[in-house]
Structures are given as structure tokens and as C-alpha cells.
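So the protein sequences, as listed, match chains A and B.
Residues 510 to 1148 (my numbering) are what the first sequence spells out, left to right.
Residues 2 to 180 (my numbering) are what the second sequence spells out, left to right.
Do not rely on the hints blindly, as some may be mistaken.
[To be verified] From the structure, some residues in chain B lie toward chain A, with a derived Cβ separation under 7 Å:
no.	residue
1	39
2	40
3	44
4	45
5	47
6	49
7	50
8	53
9	58
10	59
11	166
12	167
13	171
14	177
For the record, the hints were derived by calculation from the structure and aren't laboratory data.
A quick note: this is a predicted structure, and the numbers were derived from the prediction, not measured.
Glycine is no exception: its CB is placed at the ideal position from the N, C-alpha and C atoms.
Below, each chain spelled out in residue letters.
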Amino acid sequence: MALLQISEPGQSQAPHQRRLAVGIDLGTTNSLVASVMSGTATVLKDEDGQWSIPSVVHYAQDSPVVVGRKAQENAADDPLNTIRSAKRLMGKGASDIDSSWLSEHYHFDMDSGSLPAFKTAAGNKTAIDVSSAILSKLRATAEETLGGDLVGAVITVPAYFDDAQRQATKDAAALSGIHVLRLLNEPTAAAVAYGLDSGTDGVVAIYDLGGGTFDISLLKMQRGVFEVLATAGNTALGGDDFDNAVADWIQAQAGVSQLTDKGARRQLLALSRSLKESLSSDSSAAYDLTLENGTQFKGELSLDVFNEIIEPLFKNTLPPCRQVLRDAGVAKTDVQAVVMVGGSTRVPLVRSKVGEFFDQKVLTDIDPDQVVAVGAAIQADVLAGNKPDSDLLLLDVIPLSLGLETMGGLVEKVVPRNTTIPIARAQEFTTYKDGQTAMALHVVQGERELVTDCRSLAKFELRGIPPRTAGACRIQVLFQVDADGLLTVSALEKESGVVASIDVKPSYGLSEGEIEQMLKASMEHASEDVQKRALAEQRVEARRTMEALNSALQADGDQHLSAEERADLDGLLQNLALTAESENHDAIKLAIEKLEAGSSVFVERRMNASVKQLMAGQELSALENALVTGETSGESGQT
Amino acid sequence: MQVDFSNNYFELFELPASFDVPQDHLDTRYRSLQRFLHPDKFASESDAQRRWSVQAASFVNEAYQTLSKPLKRASYLLSLNGISLDEETDTQMSPMFLMEQMEMREALGDAPQASDPYAALEKISDKLRVAQSASASDFNSAADNEDWTQARTVVRQWQFLEKMMSEVQTVEARLDDAL
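Just chain A, with the same shape it has in the complex (with noise of 0.2 Å):
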């Protein structure tokens, strides 16, 4: 084993490696893994040569989970082990399943936990089981090509993903093993695609028709900076219904009413999306398929027909539009761009129809597939540090309101819609009995004025409330998000200084429990590996903690620690710098937390120190200066 190098404390750190990042996009059809390489964002190809595979997953019986295009080619076989559109799933619970059209394909298994599950031949699997096989298979594509462990990756999420649903896409993303750098609403990452390759100010929308979900957003775009103005969208509108809108016509030219065969539907649908592809350049598409059972289906669908199939559907996109312009105060003349995301906008009709809607052309120069990884990539590399110079910078709004449910169920909302975060919002609520020591905590996220219309986040007690009569309590609740749109609610009863806070765990959400004992599940057969895993994991952890302290003590540790201080930090680095060579991932990870722990001190007043000159206006003008050379800043001239 090679002897350990340690640098003299105050001494320069050797220029690190450059930190594997990825950005990946979770697609409902397909997903994509990309990575900045050369200085050019790229999407990685996988073994076969493909640069996006099918997000779907064959569950056989004793055999190893397939992804991708191997476990599409089971879909018309097996079609109940084959799980495709999961992503529709995520963040859902048992009641939410009769309305998504996933029921009429798959088997369900509603007992097992607050989660449905898939039933396969390889047991019950959830959709975030099914996310985390494909984040997985992308996570391997990546480490096989750029030769090394990650350091961690930018996942997107539709916009308007609601907390449960982000919350879910990050359990997926644990269960993997993959470390989360932030979770990016897809229309921002395409943003930052174009941003940076076309270098435009303003206003800019984003149209993205997926193949299961509908986006708007306005982003206000300026000097690297993006902001999101607004969004709205749908999270049960894509191409795939457009394609079961092409499955039923072509079923009633047919004269067959019912298909009971869910083999058959899907050939019926994979028919149907093939056509959909065609008339993206042609004016008519002929089929010819005859199913086993002797059933023929056979024809042609002219682009004329086609657009009046999809029409009503399409429709259904338009009113999110208005809304985000309303949202943003923004008229349609203001906005400067139409950006086209996702592979539905390869639809002819979507993209006449919303040219004509922003009455412009619309913009479709970078694939309209690949710009949303492409976009996580950029910003992965960001966030990874390899670029400490870039002046990208996500500014992100919540897509929906948050809220505390109150007396006769309604809701008072704290954090209204389209607040940029991170936010911290408190809000006073009082006792409404005489002697009343607890307080029921009901969080809510939705625009409508009733609990009942409102999807329920999370419950929680206060309790030990001193008794006074009604009204006369005080109780803070706090409620604070992150960048990532996760929400943490706290309360406090302001004279006994009582406390209750949660980290809102959707109630379709994982505990971490529960992370913990699926990540054992799905490895039992592999013991070895979890370990090896679990190894690897903390030994990124330690660099990035080890990394982040020494760039933070070589800047200014002299300044903040005495040297008895300063000694027992670098004892500690020393220890951890040791522990990280050996193979016991427990004995890492507790050297990680003493000097986590050990550190903080110092974090804390380095902080408050960078605070206090940004107030006085010194650092920050410096920092000005070398962000805006050339340009007068907004402190000069003013008052």
C-alpha cells in the first residue's frame, strides 16, 4: 500500500482530480445520462451504442433485473413483468392508482405498506424500486465511461412535481447509490442547454411535452443567471396519450371494442407510436397488424386525422400556458423565446399550434431529447466544483403552494406558489379551547381552498402546549425549503419554548428505515457488493469532506483558530485521512462525523465573518468586480 501524503497545515493541496459528475434525465418513456467531457456537454452512450434507453424494467423469477431495451423486447411477452411509465407512479399512493391508466396494464398489490406495489415474478416492486433499477443501469453507463466512481449527479423532475414526488425521485436516486447534487426541474435544465450554447436575455419559455408529463415555465434568463418566473403543467398528459388515442381509434376503424389480451394492447400501442413517429415528416402512415388470435388491424392514418386525434389532447396544454403568464405578469408579446423540449414536440401539429399560441417560431435547434441532460450535465459539472469560476447560478421556485390545514378544513397557506427558494416562511396559529395542550399539524400542498382538494403532506403533533385559555397561545410554525423544493415544517409554542418538528416525509415517501432495509432487500443474494458499496460511498464522502475543509483552513484557518484548535482539526483530518485507507466503512464514516463535528466551529465563524464583510459591502463589491468586469454594479450611483 502507498504511504499516505499529508501536506503541512497552511500548505497548498495538490490541484485535485476533476470530480465525475452527470446529469440525468428520468424520463416516463426514456432516460438519458450526460457528462460534461472536454469541456462539451455530452450524452454518454451505453454498451450497445445508444445514447438513451427505454425507462422500462423486466422482473424475471430468480434472474437478474433487466433495463432498458432488452426488457422492452419482453413487453409483448411478458408484458406483466415488464414495467414501463413508472415515473408516473412516483410520490403515489394505493388511492391515486384508479385514475392512472398504469391499472388497466399492470397488477397491483395495495397492501404492502403505504406504497403500491408492481406484482412480478420477482416479487412486489415499487416505482421507486423501478427508478432506482434504471438509475442504476445510467449509473453504470456512466462510471464505465468516464472511468471512475461519481461524485454525485443532477437529477431532473418535471417542474411541477409535487414534494412527494421529488421526495421519491431522491429515494430512487439512494437506493442506487448515487448522491443527489440537487434535483433540477427539467424546462430549467433545458434552459441551461440553451443559455449557454445561444447566450440569450429575457424572458424565455419552455414547452415540454414528455412522453407522460406536461411542462410550462417562464424563466427570466440574465448574465448566467436563470430564474424561474413561473410554472404549471400536468403531470398526466404526454405522448403516450397520444398513442392510446391512436390505439383506440385504430381499434374502432377496426370495429373492436375491447382488447382483453393486454399482450395484444400494447403491440396495438407500440403500432400506434410508430405512426405517430412516421407523420412527424410524412403526410400519411399505412399499418398492417394482425395479432394472434387472428385479429387484424389494418389501414391508414393521414397527418389530417391524426391532428384532429390529437387535438383535444393538445388543448389541454393551453391553459397552463395562460396561467403561467398570469402567474408572471408577463404578456404574451414579452416573451422573447419558445424553447421545445421532449419528443412529443417532434409532433408537427404541437409545434404549429404553439408557435401560433406565442405567436413566434418556436425553437427546436438542440435534440428536443437530449436537451434536458444536457443541460444536468452543465450544471452537475457546477455543482461538482469543477468550475469554481462559472457565473451559473438556479434560482427555482416551488410549483406549488404549502400550507397548514385549520379549523373547519381549510387552508391557510404559508408558502403561496412560485416563491423562489431556498424560503423560510413562519406563520403564528393559537389554541382554539380552553386548556388545550396539544395542536394537530396537518401539511398541505395545493392551490385549492380545502383540505380535501389538497394533497396531503404530512402530520404531526405538538404537544406539552402550557394550558391557557383559547386564543391565548402562541405557536410559530416554520416552515422552511431547500433548493431542492423539500420541505422541512417545524412548530414552537412561544412561551414554554416547546418544539415538534418533521422533515415532511410524504406519507407516499420512505423513511430512511425503510431506504435502508430495500437497499438490503434488493442485495441479499450480493452481500459482498453492499459492502463494497457501502465502502466506496464513504470513502467519496470522506475526500469531499476532507477536500472542503482543507480549501476552507489553506483560505483563512489562521485567521479563525487558535493553534491548539488548529492542531486538534488537523488531528482530526489526520484520523480521517488514516481511516479512509482502511475497509471498514462504519470506521469511516464515524471519523467523517468527529470531524464534522470537530469543524464546526470554525465553519460557524468563517461564516458569520464572510457575513459581516458582504454587509459591509467589501467582499461582496470585490466579488462584484470579478463577476461583472466592465459593467457598473447597482452600488455605485445610487442615493
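Guided by the hints, dock chain B onto chain A, whose structure is given.
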């Protein structure tokens, strides 16, 4: 870890505490602060730094949103001057103002049945916009004269107008959905 952001929002944005704020200045300063504080700048840093950054960025977001919106800015100025809005205990409003509000509310109720509902709604929004900008200038002169009682009255009426405006938008959204 506690973030020591004891300064008020105006100080944070290097502005005097007055109603008149140059939006460009707010925007520029906001972006500079976020470029420095946003959690994305700390994605590879320690947990403690990331937590700090979330708090700091939240504070800046709240400050920016408060100062950028005229009514929020006005309410904030009142609170800085120790004036509470006390919505529940003090319900007195000028009868004139309440009459106008009732008329507008009736017009809003009738709008969806109008021959051109969008035009009817636009007419109400126009009226509200005029009234809101009148509120802004009334507040500005009251604040200039340090007449906080008058400033408070203006803000309370302004809140009515804002609420009405959001109701107009709700009706408009319902019309859109019905299309």
C-alpha cells in the same frame, strides 16, 4: 448554527429605508448576494456550510420578495416604524371605500355571465390597477411626512385591492379552464 442577519432588509440591499426603491438596484444586488450565498455554491462543501447557506439564501429571498412588491414593502416599512396592522381587532374602514369595494365585487360576480367575460374582467383589473397605484403614491407621501396613521390606513385599503385582484385572477383561471 445561527445566521446573524440582524440587519433589516433595506440595509441588506444597501438602500435607505424608504418606499422608493430602484428595481434595477434590487435586482443587481439580489443576484450578487445569491451568487455568493446560494446552496448551489456549497454543493461540495461540508454539511454545516450547506445548512448555513440554505438559511442565508432563504433570508435574502425573503428580503428581496418583500422589497420587490410594493404592498409588502409598504407593510414592512410600517413594521419597521413600529406600526402594527392588527387586522382582526380594528375593522374600521372608510364607508366610501367600502361602497366602491362592494360595487367592484358585484361587477366581478357578474363578469362570467357578460357577453365578453374577459373584457369585463379586464375592466375591473384596470380599475384595480389605477387604485393600487394611487395607494402607492398615497403611501409614499404619507411616509414622507411620517404620518404613520395615514400610511396605515392606506395599506389596509391596499390589502383589500390586492385581495380583489387575486380573486379576479381566480375567475379568469376558471374561464380558461372552461375553454
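Taking the hints in turn, this is what the structure says about them:
no.: 1; hint: 39; verdict: holds, 6 Å
no.: 2; hint: 40; verdict: holds, 4 Å
no.: 3; hint: 44; verdict: holds, 4 Å
no.: 4; hint: 45; verdict: holds, 4 Å
no.: 5; hint: 47; verdict: holds, 5 Å
no.: 6; hint: 49; verdict: holds, 4 Å
no.: 7; hint: 50; verdict: holds, 6 Å
no.: 8; hint: 53; verdict: holds, 5 Å
no.: 9; hint: 58; verdict: holds, 5 Å
no.: 10; hint: 59; verdict: holds, 4 Å
no.: 11; hint: 166; verdict: violated, 11 Å
no.: 12; hint: 167; verdict: violated, 10 Å
no.: 13; hint: 171; verdict: violated, 9 Å
no.: 14; hint: 177; verdict: holds, 5 Å
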